[in-house]
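Trainee: Chain by chain, the residues run as shown.
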Amino acid sequence: MNNKIQLGFYEVAAFSITVVCTKLFIYLPNLMSLTAGSAGWMLPIYAGILALIPFSIIIALYKGFESMDLLDLSDYTFGKWGKAIIGIIFILLLLFLLALLLRGYISNTKLTVMPMSSTFFVALIFLSSMIVGAYFGLEAIIYINAISLPIIGVLFLISIFTAGWHIDTSYIYPLLGNGPGPLFLGGMYYISIFFELLLMLFLIPYFKKGLSVKKTAYSSYFLTVLVFTVFIIFVFLSIPYPIIKGYFMPFYQVARTASIGFYFQRFESVFILGWAMLGTVYLSLLLYFLTHIFAKTFELPFQRTLALPFALIAICLALEIKNAEQLQTLYGMMQFVLWIFVFIIPIFLLISAKIAKRRRENKCE
Amino acid sequence: MNLKQFFLFTPPKGVDEFTLTNTPMPDNTFTEPGTVQAAIADNLNKVKAIYTMPTNFPTIIREFEIKWKDSKVAAFILFIDGMVDKNIINDNILKPLMITSNIKDDLKTELVDYVEKRLITHSAIDSVSEFDEIIQKVNFGNCAIFIDGVAKAIIADVKSWEHRAVGRAVTEEVIHGPHEVFNEVLLNSFALVRRAVKDPNLVVESIILGRRSKTNCALFYIKDITNKQLVDEARRRLNGIDTDFILSSGQLEQFIENKTFVPIPQFMTTERPDRLAISLLEGKIAIMVDGSPNAIIAPVSIFEFISSPEDMYLRFPFANMLRVIRILGLVLSFLLPGLFVSIVNFHKEMIPTDLLFTIVATQEKVPFPLLLEVLIMDLLFELVREAGIRIPNPIGAALSIVGTLILGQSAVSANLVSPIVIIIVALTAIGSLATPNYTLGFSFRYIRFFYTIMGGIAGFLGLIAAFFITNVIFASVKSLGVPIFVPFAPKKGAGLIKKVFASPAWDYENRDAYLHPMNNNKQPKISRKWNKDKE
Numbered sequence: 001m002n003n004k005i006q007l008g009f010y011e012v013a014a015f016s017i018t019v020v021c022t023k024l025f026i027y028l029p030n031l032m033s034l035t036a037g038s039a040g041w042m043l044p045i046y047a048g049i050l051a052l053i054p055f056s057i058i059i060a061l062y063k064g065f066e067s068m069d070l071l072d073l074s075d076y077t078f079g080k081w082g083k084a085i086i087g088i089i090f091i092l093l094l095l096f097l098l099a100l101l102l103r104g105y106i107s108n109t110k111l112t113v114m115p116m117s118s119t120f121f122v123a124l125i126f127l128s129s130m131i132v133g134a135y136f137g138l139e140a141i142i143y144i145n146a147i148s149l150p151i152i153g154v155l156f157l158i159s160i161f162t163a164g165w166h167i168d169t170s171y172i173y174p175l176l177g178n179g180p181g182p183l184f185l186g187g188m189y190y191i192s193i194f195f196e197l198l199l200m201l202f203l204i205p206y207f208k209k210g211l212s213v214k215k216t217a218y219s220s221y222f223l224t225v226l227v228f229t230v231f232i233i234f235v236f237l238s239i240p241y242p243i244i245k246g247y248f249m250p251f252y253q254v255a256r257t258a259s260i261g262f263y264f265q266r267f268e269s270v271f272i273l274g275w276a277m278l279g280t281v282y283l284s285l286l287l288y289f290l291t292h293i294f295a296k297t298f299e300l301p302f303q304r305t306l307a308l309p310f311a312l313i314a315i316c317l318a319l320e321i322k323n324a325e326q327l328q329t330l331y332g333m334m335q336f337v338l339w340i341f342v343f344i345i346p347i348f349l350l351i352s353a354k355i356a357k358r359r360r361e362n363k364c365e
Numbered sequence: 366m367n368l369k370q371f372f373l374f375t376p377p378k379g380v381d382e383f384t385l386t387n388t389p390m391p392d393n394t395f396t397e398p399g400t401v402q403a404a405i406a407d408n409l410n411k412v413k414a415i416y417t418m419p420t421n422f423p424t425i426i427r428e429f430e431i432k433w434k435d436s437k438v439a440a441f442i443l444f445i446d447g448m449v450d451k452n453i454i455n456d457n458i459l460k461p462l463m464i465t466s467n468i469k470d471d472l473k474t475e476l477v478d479y480v481e482k483r484l485i486t487h488s489a490i491d492s493v494s495e496f497d498e499i500i501q502k503v504n505f506g507n508c509a510i511f512i513d514g515v516a517k518a519i520i521a522d523v524k525s526w527e528h529r530a531v532g533r534a535v536t537e538e539v540i541h542g543p544h545e546v547f548n549e550v551l552l553n554s555f556a557l558v559r560r561a562v563k564d565p566n567l568v569v570e571s572i573i574l575g576r577r578s579k580t581n582c583a584l585f586y587i588k589d590i591t592n593k594q595l596v597d598e599a600r601r602r603l604n605g606i607d608t609d610f611i612l613s614s615g616q617l618e619q620f621i622e623n624k625t626f627v628p629i630p631q632f633m634t635t636e637r638p639d640r641l642a643i644s645l646l647e648g649k650i651a652i653m654v655d656g657s658p659n660a661i662i663a664p665v666s667i668f669e670f671i672s673s674p675e676d677m678y679l680r681f682p683f684a685n686m687l688r689v690i691r692i693l694g695l696v697l698s699f700l701l702p703g704l705f706v707s708i709v710n711f712h713k714e715m716i717p718t719d720l721l722f723t724i725v726a727t728q729e730k731v732p733f734p735l736l737l738e739v740l741i742m743d744l745l746f747e748l749v750r751e752a753g754i755r756i757p758n759p760i761g762a763a764l765s766i767v768g769t770l771i772l773g774q775s776a777v778s779a780n781l782v783s784p785i786v787i788i789i790v791a792l793t794a795i796g797s798l799a800t801p802n803y804t805l806g807f808s809f810r811y812i813r814f815f816y817t818i819m820g821g822i823a824g825f826l827g828l829i830a831a832f833f834i835t836n837v838i839f840a841s842v843k844s845l846g847v848p849i850f851v852p853f854a855p856k857k858g859a860g861l862i863k864k865v866f867a868s869p870a871w872d873y874e875n876r877d878a879y880l881h882p883m884n885n886n887k888q889p890k891i892s893r894k895w896n897k898d899k900e
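Protein chains in written order, with the numbering used here: chain A, 1 to 365; chain B, 366 to 900.
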């Protein structure tokens, strides 16, 4: 009866799990293994604890601005030019991320299930879903995510249980992997894995009436860290870390070892179902936010129609990446810079907004 | 006759020369209705003009005289033959007016009061002065009596026409539970609902739809349960329809739904009074159209389409077992061909080796690619089904046998399709027949082709893309303001389990939260008080 989308705790939690954990099934275990060796499984816990500090600051500073997203905040604080600068930064960032993840999905699909198909054809399949998703909007994607996430979870859990006989605790030794230096210093950059939580800040104006922003944000955050940690521990226990380092999806390799009896001997295709679904939802969300931020920054009356041009730009950028090695390097670079955008810019914006608010209040008095 | 005509036939000129052109009708065909005049001749002429008399044969005007204060007053009665009970007109209207008016009586009152209160012996009468309303009522089976010197007409409700009796269910057949269904007469349908819900708070609003058809529509709701916003929105949509005619609930559905091009029903249609009654008691609204044996229920969740009316009458373990089977059928009906094609084309490793050998061996002789083979068989099945519905029943059964057995067997023998494809298509068909809702069945039948094509060209990735695209489109659909995937997305109240699976009758304590009912409680936490008393 109300036309405005209203998000409850379940939808927000499902959203944050999807946007953060999708990378887990593409490249993160590889990077973590490269950084910390056999101790790579500790990185999400370590990064989760580290990220909690800026995350808490953001949530605390957000009080009083619940009806605004980051663009509204920059407009409120710095005016139209400020909004344009912040908007352009996020547009470029999301475009880069979308292109990178799209390339990751295309490459992995070609490697696993469609080796005979052309790259462009595989890209077209992803592209069609992304465009339709972004066209129909946030509400539809979030609802689909809320419905499909439990199904995906069940599929992944089946993969875990059926591949459980491969688990070997000796794989995580030596416990500190490449040493405390790479683990604790190199691991600091992994707070970037929570970059997508930034998108949650764009959802806050859509929270259901009476839903506590603080409670919802923290619960979603802890749930996300928990899911992330469980899966990463599982992968590090199932495959020796030198294998995880390779360019091939570690979870797919685990799924290949799944066994559910003599009759059904292979299970990896079922894993692909969940994996592709997760990727489709994630890519659609990125494309949606890209068009949303663009339309809002430049105050365009249309947003839906931007889905096609942005998807085409993203695919062009994605296909510029030539090989898996280049892709891996870009993933690594991304980890080094993303934390600035996810934590520093919002904190800076929120502090500035607080100051601006106080000034305005003083002026009124 | 000339020589040419003696040998050759010459068709007469002008026989085949008619061409439809845009020629306007003469201006005098439309008569402005206006109000009833005191002079009867004016009224008579107006009625004749409105009804294009005497060309328009079923409209009857009977002129007569009423004796009033020792003088004769001219009058006439207007009705449409075939829509009225002539016995009532003769015995309760004409006879008293023409014969009983002779009796000596207190004649101090006005003529019209005397006619209404002393002469006409019929229960439902009314006085109307606007011709618009008079015509509307006469067209709906009433008769109008015009009396000289009286500037209004007396309307008597004498409706009576031939109609289908209350019959058995066609699309919502059950074994347990009532078998009666609505028929085309709105008043009969209303009576069936009223018999089930004797609550005085049940409101039935009448709304006239269609500029020309003037179709009677009824908006049902229970005023102390249903959310006011919901009723207002339904009323707003109904009153906002501007068209010449509405003749059925299916047509009305298209006028009030949000997204016309989305292949999913946005309202539940039912032919069963018990289902309608339960929906009203849940806090929903219902709309019925005169002349249509189906009611529209809104808002609905997609998960409600899985339930059958029979679930209410079965013990809950059996109802749940049936629902699981139905869900399986539903999934088979749209996913099986796509799944089969994608596994065989892209994910062969999933198939057990022995079975893979069998499939490959049967496929070897067939000259078509698997995707094409499945699509052709699916299309053929739809063709047989459509033909079976359109032709008379005895031939329909024969056609089904010819279609399924002979055609299928011959196709396999001719190596045009493989036997396993026949099995897949047959299973899909059985699955679609198990779908409890006719309109949802339609949706899934057509979505299936999309899934098959996507599965055939891109394997599981294609299936996921198809799943995502169709469901994103569905998720954007709202049924009278309520998202179609409620209560799971957005999550509201009891959630999916309680919506998909049946609970015991005593466990339905609250109404669905997504309806925001004014009265949330259906029954107390302990509704089986006898159980508590024993303790």
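Keep in mind that the hints were calculated from the coordinates and are not lab data. Backbone N, C-alpha and C define an ideal beta-carbon position, used for all residues, glycine too. There's no promise every hint is true.
Which chain B residues stay away from chain A? Per the calculated CB distances, all over 12 Å, these [unchecked claim]:
hint, residue
1, Gly824
2, Ser841
3, Pro848
FRET-style restraints, in silico, Cβ to Cβ [said to hold, decoys possible]:
hint, chain 1, residue 1, chain 2, residue 2, range
4, A, Phe121, B, Ala878, 41 to 47 Å
5, A, Pro205, B, Asn604, 53 to 59 Å
6, A, Ser259, B, Thr723, 47 to 53 Å
7, A, Phe121, B, Phe807, 28 to 34 Å
8, B, Gln888, A, Ser259, 48 to 54 Å
9, B, Gly846, A, Val337, 43 to 49 Å
Trainee: Any of the earlier hints contradicted here, and which numbers?
Mentor: 1, 2, 3, 5 and 6
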